[in-house]
Structure formats: structure tokens, C-alpha cells
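Asker: Based on the hints, put chain B in the right spot on chain A.
Protein chains: 2
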Amino acid sequence: MPVVEVLRLGHRLERDKRISTHVALTARALGAKKIIFTVEDESVKKSVEKIVNTWGGDFKFEVVKNWKKYIKDFKERGIVIHLTMYGANVNEYMPKIRDEFKDKDILVIIGAEKVPKEVYELADYNISIGNQPHSEVAALAIFLDRLFEGRTLYNDYKNAKIKIIPSKDKKIVIRENNEN
Amino acid sequence: MPVVEVLRLGHRLERDKRISTHVALTARALGAKKIIFTVEDESVKKSVEKIVNTWGGDFKFEVVKNWKKYIKDFKERGIVIHLTMYGANVNEYMPKIRDEFKDKDILVIIGAEKVPKEVYELADYNISIGNQPHSEVAALAIFLDRLFEGRTLYNDYKNAKIKIIPSKDKKIVIRENNEN
Numbered sequence: 634m635p636v637v638e639v640l641r642l643g644h645r646l647e648r649d650k651r652i653s654t655h656v657a658l659t660a661r662a663l664g665a666k667k668i669i670f671t672v673e674d675e676s677v678k679k680s681v682e683k684i685v686n687t688w689g690g691d692f693k694f695e696v697v698k699n700w701k702k703y704i705k706d707f708k709e710r711g712i713v714i715h716l717t718m719y720g721a722n723v724n725e726y727m728p729k730i731r732d733e734f735k736d737k738d739i740l741v742i743i744g745a746e747k748v749p750k751e752v753y754e755l756a757d758y759n760i761s762i763g764n765q766p767h768s769e770v771a772a773l774a775i776f777l778d779r780l781f782e783g784r785t786l787y788n789d790y791k792n793a794k795i796k797i798i799p800s801k802d803k804k805i806v807i808r809e810n811n812e813n
Numbered sequence: 634m635p636v637v638e639v640l641r642l643g644h645r646l647e648r649d650k651r652i653s654t655h656v657a658l659t660a661r662a663l664g665a666k667k668i669i670f671t672v673e674d675e676s677v678k679k680s681v682e683k684i685v686n687t688w689g690g691d692f693k694f695e696v697v698k699n700w701k702k703y704i705k706d707f708k709e710r711g712i713v714i715h716l717t718m719y720g721a722n723v724n725e726y727m728p729k730i731r732d733e734f735k736d737k738d739i740l741v742i743i744g745a746e747k748v749p750k751e752v753y754e755l756a757d758y759n760i761s762i763g764n765q766p767h768s769e770v771a772a773l774a775i776f777l778d779r780l781f782e783g784r785t786l787y788n789d790y791k792n793a794k795i796k797i798i799p800s801k802d803k804k805i806v807i808r809e810n811n812e813n
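So the sequences go chain by chain: A and B. Residue 634 is where the first sequence starts when you use our numbering, and the numbers rise one by one after that. Residue 634 is where the second sequence starts when you use our numbering, and the numbers rise one by one after that.
Looking at chain A on its own, in the form it has when it is part of the complex (with noise of 0.2 Å):
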């Protein structure tokens, strides 16, 4: 099967602290399989890493410094796709980029400022989700939506401590240790 990385390019430490922890817990939620930082943040990491150890699952986290090189090899087994609000517009796009993903991983692309003019041209696809200016979570957020078609929604996680059971009207939490 194949699999969704998130690669956020840039990070201004302080300011963009929770947006970048977001970034990667929606990227674990939605069904990505692996988050890339270009900016070492022990705080964001200690987050993500808290989220996985309770809550389940492999997603995995990593700092690469030569995201340059990292795109270039990911080329090689599969295909980048680069959120932007300049893209072409997703509604579009994303039958045939699903089409391309049943055999081909997927390395998604979502600047924290300014993303250099060679992200677009290293990129397969420069993909808008809209043409407004709103927030790069939300951008992925829909994009893996779209891609998975709500099936991530019902990931079971492995070795998760904490499970919730969705209800309509009142919190049910199942821990594994039974103690609520």
C-alpha cells in the first residue's frame, strides 16, 4: 500500500510552535505515515511524540536538513505535491493524482513562510485548495481528506492507551487500564 509524508518546509521557532504541531497531528489523524521538519523544535517534538505514545500508532517524526536532496529521492518512488494557494485548483486535480497514489507514494509539501521557487519546480503538482490565503492545516487537512475519502477517520491505532468512541452526545473514553 502506498504511503503519505508531510514534509513542512521552514518553521520560525516561537511563533510557529503550535501551527507546526498541528501540522504534524493532522497529518497523523488524516493518514500520513511520516512527518519532515527542516527546523529542529524539541517542543514540537515532544508533543508528537506524546500524541503517538498514548494515542497509538507509527507515525513517525524527523528532522532532515537537505530537504532539497529528500524531495529529489522521493521522486524516485513517488510523486510531491506542493500546497499552495498559487496551485492549480484541487477539485480538479485530485482524481487523478488518486489515481496515481494506488501505486505510488505521495510526499506532501506546505511551507511555514515563503517557499522557495524551486519547491515549485521539484514539485509534480502545485495544488490550491482554494485561492485565498487561510492556513496550511487546513490545506492538508483537506487534501488527505480528499485523497483517503474519510477512510483514515476510522484508523485503529495499534498500542493506543486511550481510545475514543464516537457518540453523538456525551464523552466516551476507553483507557487501557480501565480506569474510566
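Among the hints, a few may not be true.
Any copy, or any two copies together, can satisfy a pair, since identical chains are not distinguished.
[What the hints assert, rightly or not] Here are the simulated DSS-like pairs of lysine-lysine, each with C-alpha atoms no more than 30 Å apart in a straight line:
# : residue 1 : residue 2
1 : K750      : K737
2 : K701      : K791
3 : K650      : K683
4 : K804      : K705
Simulated from the structure, these hints should not be mistaken for laboratory data.
Answerer: Just chain B, lined up with the frame of chain A:
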């Protein structure tokens, strides 16, 4: 045409500044007509107003201290949907919600932190975008994208000073004064 409003419950100054801004911009870009905060934050307000001023449209920004009254009043004219990781799966409820949206406005509630029990009771639907911890920005984005079935990605905003023409390989920006 029924409209969507978004109520952001709670907001921790500094800590939530950027997340709350992303929430507001996501609401606007995905088709909501108004964001309502329960806490004043001048910097969030300014960021949103700047976007509306440049990118057009009539997205409203409001601060409401008595949110319980706001929710109760809203229920006279529409339905209230609380997005929470404990809620019923959006996959199952979206068809019904879309059907109600034909003639009723929708108020989407998302919390910044732990949400009072009363919200679960006031809401007509408590809906989860998956039952894993991720991001209220992601949850809101996916909810609106599904509600409007991608149509809002084509929204045209009146009085925009700047517009982007979607493109798969380059940045095409149109400015009011044709400077670029």
C-alpha cells in the same frame, strides 16, 4: 441561501493567537460568513481585517461574551454543530446535515480548550472529524469542505484588491492597480 457562522469558544492570549487567526481565515476561505470569538484579541482582529480588506468579501468578525445566549438565539433560525473528537463520525452524519442546510443556517462551534458540558447539550449535533487528537483548524476545514462539497473553493470575493489565477506551475497574481 442559508449561511454558516463559526463560533470559536475560548482563546488563550498569546498561546492561541496564530491558531485563532488560522481558524478565522479558514472559516472565511471555506465559505463561512462570520467568525465569532468569545475573547477579545486585537491582533487576531487586525490580521483578519487586513485579509478581508485586501482579498475582498464581506466576512464578519464579532466578539460575543454571552455565548450561551448567542447559541440559544441561533437555534431559532438554524442548527448548531459542535465539532469535537468525542462526537459522532462526520462520515455518517454529513448527508443529514447537508439536507438540513438546504433551509437552515448552521453555527459551527469549535473550542480552544476544554469545552463546557453545556455545549454538548446545546448542540444539535456533536460531530467528530475522526476520534484522534489533531487540530480545530483541520476539523473546521474538513467540515466546511464537505458541507459545501468543494464549491466554496471557487468563491469570488467582491472588492478584492488582489486575486490569484490558479496555475499548476507558476504564480499568477492580479492586482487592482495592475502593478504586477
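Asker: Give a verdict on every hint.
Answerer: Hints and how they fare:
In this assembly of identical chains, the alpha carbons of K750 and K737 lie at most 30 Å apart only when taken from the same copy (25 Å versus 45 Å across copies). Taking CA atoms no more than 30 Å apart as the test, K701 paired with K791 passes in neither setting, with 33 Å inside one copy and 39 Å between copies. When the C-alpha separation of K650 and K683 is checked against a cutoff of 30 Å, the pair qualifies both within a copy, at 15 Å, and between copies, at 23 Å. In this assembly of identical chains, the alpha carbons of K804 and K705 lie at most 30 Å apart only when taken from different copies (22 Å versus 45 Å within one copy).
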